[in-house]
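Chains as they are written, first to last, in my numbering: chain X, 1 to 269; chain B, 1 to 269; chain W, 1 to 269.
Since the hints were derived computationally from the structure, they do not count as laboratory data.
A quick note: this is a predicted structure, and the numbers were derived from the prediction, not measured.
Possibly wrong hints are sitting among the right ones.
Intra- or inter-copy, both count: the list cannot distinguish identical chains.
Derived lysine to any residue pairs resembling SDA-like cross-links, with alpha carbons at most 20 Å apart [as the list claims (entries may be wrong)]:
hint, residue 1, residue 2
1, K139, A54
2, K139, N149
3, K191, A156
4, K139, Q17
5, K191, T103
6, K191, R179
7, K139, E55
8, K191, R171
Here is what each chain is made of, one letter per residue.
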Amino acid sequence: MTLNERIAVLREQVRQQRPLIHHITNFVVMNDTANVTLHIGGLPVMAHDRAEVAEMVTAAGALVLNVGTLSPDWIEAMLIAGRRANELGIPIVLDPVGAGATTLRTTSNRRLLEELQISIVRGNSGEIGALAGMGGVVKGVETVVEVDNPLAAAQALARQYQTVVAVTGRRDIVTDGTRVFMVDNGHEWLKTLTGTGCSATTVIAAFAAVERDYPLAAAAALACFGLAAEIAAPAARGPASFKVAFYDAIYHLSADQIRTGARVTLGTE
Amino acid sequence: MTLNERIAVLREQVRQQRPLIHHITNFVVMNDTANVTLHIGGLPVMAHDRAEVAEMVTAAGALVLNVGTLSPDWIEAMLIAGRRANELGIPIVLDPVGAGATTLRTTSNRRLLEELQISIVRGNSGEIGALAGMGGVVKGVETVVEVDNPLAAAQALARQYQTVVAVTGRRDIVTDGTRVFMVDNGHEWLKTLTGTGCSATTVIAAFAAVERDYPLAAAAALACFGLAAEIAAPAARGPASFKVAFYDAIYHLSADQIRTGARVTLGTE
Amino acid sequence: MTLNERIAVLREQVRQQRPLIHHITNFVVMNDTANVTLHIGGLPVMAHDRAEVAEMVTAAGALVLNVGTLSPDWIEAMLIAGRRANELGIPIVLDPVGAGATTLRTTSNRRLLEELQISIVRGNSGEIGALAGMGGVVKGVETVVEVDNPLAAAQALARQYQTVVAVTGRRDIVTDGTRVFMVDNGHEWLKTLTGTGCSATTVIAAFAAVERDYPLAAAAALACFGLAAEIAAPAARGPASFKVAFYDAIYHLSADQIRTGARVTLGTE
Numbered sequence: 001m002t003l004n005e006r007i008a009v010l011r012e013q014v015r016q017q018r019p020l021i022h023h024i025t026n027f028v029v030m031n032d033t034a035n036v037t038l039h040i041g042g043l044p045v046m047a048h049d050r051a052e053v054a055e056m057v058t059a060a061g062a063l064v065l066n067v068g069t070l071s072p073d074w075i076e077a078m079l080i081a082g083r084r085a086n087e088l089g090i091p092i093v094l095d096p097v098g099a100g101a102t103t104l105r106t107t108s109n110r111r112l113l114e115e116l117q118i119s120i121v122r123g124n125s126g127e128i129g130a131l132a133g134m135g136g137v138v139k140g141v142e143t144v145v146e147v148d149n150p151l152a153a154a155q156a157l158a159r160q161y162q163t164v165v166a167v168t169g170r171r172d173i174v175t176d177g178t179r180v181f182m183v184d185n186g187h188e189w190l191k192t193l194t195g196t197g198c199s200a201t202t203v204i205a206a207f208a209a210v211e212r213d214y215p216l217a218a219a220a221a222l223a224c225f226g227l228a229a230e231i232a233a234p235a236a237r238g239p240a241s242f243k244v245a246f247y248d249a250i251y252h253l254s255a256d257q258i259r260t261g262a263r264v265t266l267g268t269e
Numbered sequence: 001m002t003l004n005e006r007i008a009v010l011r012e013q014v015r016q017q018r019p020l021i022h023h024i025t026n027f028v029v030m031n032d033t034a035n036v037t038l039h040i041g042g043l044p045v046m047a048h049d050r051a052e053v054a055e056m057v058t059a060a061g062a063l064v065l066n067v068g069t070l071s072p073d074w075i076e077a078m079l080i081a082g083r084r085a086n087e088l089g090i091p092i093v094l095d096p097v098g099a100g101a102t103t104l105r106t107t108s109n110r111r112l113l114e115e116l117q118i119s120i121v122r123g124n125s126g127e128i129g130a131l132a133g134m135g136g137v138v139k140g141v142e143t144v145v146e147v148d149n150p151l152a153a154a155q156a157l158a159r160q161y162q163t164v165v166a167v168t169g170r171r172d173i174v175t176d177g178t179r180v181f182m183v184d185n186g187h188e189w190l191k192t193l194t195g196t197g198c199s200a201t202t203v204i205a206a207f208a209a210v211e212r213d214y215p216l217a218a219a220a221a222l223a224c225f226g227l228a229a230e231i232a233a234p235a236a237r238g239p240a241s242f243k244v245a246f247y248d249a250i251y252h253l254s255a256d257q258i259r260t261g262a263r264v265t266l267g268t269e
Numbered sequence: 001m002t003l004n005e006r007i008a009v010l011r012e013q014v015r016q017q018r019p020l021i022h023h024i025t026n027f028v029v030m031n032d033t034a035n036v037t038l039h040i041g042g043l044p045v046m047a048h049d050r051a052e053v054a055e056m057v058t059a060a061g062a063l064v065l066n067v068g069t070l071s072p073d074w075i076e077a078m079l080i081a082g083r084r085a086n087e088l089g090i091p092i093v094l095d096p097v098g099a100g101a102t103t104l105r106t107t108s109n110r111r112l113l114e115e116l117q118i119s120i121v122r123g124n125s126g127e128i129g130a131l132a133g134m135g136g137v138v139k140g141v142e143t144v145v146e147v148d149n150p151l152a153a154a155q156a157l158a159r160q161y162q163t164v165v166a167v168t169g170r171r172d173i174v175t176d177g178t179r180v181f182m183v184d185n186g187h188e189w190l191k192t193l194t195g196t197g198c199s200a201t202t203v204i205a206a207f208a209a210v211e212r213d214y215p216l217a218a219a220a221a222l223a224c225f226g227l228a229a230e231i232a233a234p235a236a237r238g239p240a241s242f243k244v245a246f247y248d249a250i251y252h253l254s255a256d257q258i259r260t261g262a263r264v265t266l267g268t269e
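So that you can see chain X by itself, here it is in the shape it has in the complex:
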């Protein structure tokens, strides 16, 4: 089976298995990521209170931890849900939104990486650089100075925490510290919308719920996400009409489209 064929199969498995994706996430993107979860084929739930997260996560296929509008009590809930997920072998996908922008964000993300076994971290190059201690500048939640060598930063972070790191940008990089996937799908319109990084994280979680080879799951998810953006782009008259076409395209994304459209490379070439 070719790589693209495997990606097409994974996308179909998400649709068939309908994994529950438990999000403890930020207020800005909750509606968007719930819809993206449904469109890719999963079931979303947003639940953040310490009184229920350990119970809710037991039914989940994956747990998303996203610190975009964090406060300390939400971090505590993330740790409670995360420990239970680790006990049950449920993959955790971390979106370290704004790591590097404030001390609270950098230290909270480090704490999550230290106290939990995170399966996959998905960030922009500045966020990954901040966590790896390898440069880049984050302003608010956006990278304004790119990391010199995002692959090296991703590999360093992956090795330090025994995790998989996905750096999204013009070319997406996925690595567990050794293996590397490069993903060249995507479109410029994605940068005109809030929460597209968070939505990519959600799609990664849906794929991680059906595929325990996490580098493959992350690369496949990012290829599908970027490919849907490419399919949607011709219908865009601006960011909002792009968003409508993009969500429609995620929903309809088919095995045929993936076979011919996914652009994933093993290694750095």
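Assemble chains B and W onto chain X, guided by the hints.
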């Protein structure tokens, strides 16, 4: 006046009276339900702090309590607002999102039903089954195993708490334990979007603000909601373009469309 | 340079400088205002915890304080961020959502105006009337009885707190208590959507980040916001399709469109 004519009149009364719908609701759907409130003809306000909910609700035509992203302090605020609403005779509509999925959700919803006089409960079959103790399985916020007999579950719950229960699904059921309405409007696209149940609850609240026959108000609201979905469906190229057309259709929904399109049956035939 | 030419230049400066707009805002509009920030050319960040707001705001071009779903701890965070913004000379734009509707909202907004140096307040006529003690009635978050003399109310409030007041409505008024701008751009569709006032506030903040003549910045922002609505209106088939076209129009809004379309008057004629 025929039933459809009455529904058409109610929809126009919402437009004319512009009732304030006070929501204490979840983070995922706040934007959606505020827009749906405006489109159906009401005025939305979202206010959740204990320091203001009792004052805010005094101006409301109806109060929506929705536990989709609940935490214990929000439940306290719901009780404060609900007690004041009960004193003033303002209808309360409860959306027990995720009842059955966690202990916190099940017990919190039961507490609201016990401590307040709830006018209408709107849930999917699993949520109503969980509260009635009559089966069904809820995963996250979705029913994954249907209740065997949703009408019996709705009637049992309605009788237990002297309330009106609306179970939404392929065929919507509304009952006060004795009278029964069946609503056959709706469209499959609704299931591809997050928060459509919550939005149906909001429309029910807007109708309850202008019609104190709550079974009729709930059935009329669900017919209008489902009919707007049917009107929007031909314009859908996917879930997001459906959503745009659906909201436009709610806004424009006319007496003529309701007279010919509403499909509400009294009793179970 | 004509006034319209200056407005066109400001709009371009927002695009070039990409100011970070730090929002401490309400749950309903976070997604919308983050997108509007991006579309007008800025970078959004939503951060509300006391542990990080003072640090986050240091990178900001402007700070938005919006009390739409307020609670007392968020007000404390607003004060912490606001004091730091004042120390650094970063403009603060206040959106007093629902002032007049509850005691908590009225007193919290007064406290922000008293303890901070607010650069610009943007509200509807009822909110401004409530803060100025000059009439109007607010129901939820909407003015249901207009202030008799909104210009007088705006001027009184501006003088009391040494701030700039923008009252949005059919005709927008901007004043620092002495100078007055009138803005006649806008479209009726804006009233059918939640959060358009909050989004106008966000655009004002983006302009205040690049222009320290705050009455000019506010008037320019409101002209651009209203003009984008006018450009979008012909594509609207209802509120939701209007919103899509409106956001697309904000993104594309060009110097040429502003030169010919902005309708700003100095003084009250």
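Each hint, compared with the structure:
In this homomeric assembly, K139 and A54 come within 20 Å of each other (Cα to Cα) only across copies, at 14 Å, whereas the closest approach inside a single copy is 33 Å. With identical chains, the CA atoms of K139 and N149 are at most 20 Å apart within one copy only, with a shortest distance of 19 Å there and 42 Å across copies. Proximity of K191 and A156 under a CA criterion of 20 Å is satisfied in neither setting, with 26 Å inside one chain copy and 42 Å between copies. With identical chains, the CA atoms of K139 and Q17 are at most 20 Å apart between copies only, with a shortest distance of 13 Å across copies and 38 Å within one.
In this homomeric assembly, K191 and T103 never come within 20 Å of each other (Cα to Cα): the closest approach is 25 Å inside a single copy and 40 Å across copies. For a Cα distance limit of 20 Å, the shortest separation of K191 from R179 qualifies neither inside one copy, at 27 Å, nor across copies, at 39 Å. For the homomeric pair K139 and E55, the shortest alpha-carbon distance between copies (11 Å) is at most 20 Å, but the shortest distance inside one copy (36 Å) is not. When the C-alpha separation of K191 and R171 is checked against a cutoff of 20 Å, the pair qualifies only within one copy, where the shortest distance is 13 Å, while the shortest distance between copies is 34 Å.
In the structure shown, a violation is registered for the earlier hints numbered 3, 5, 6, in ascending order.
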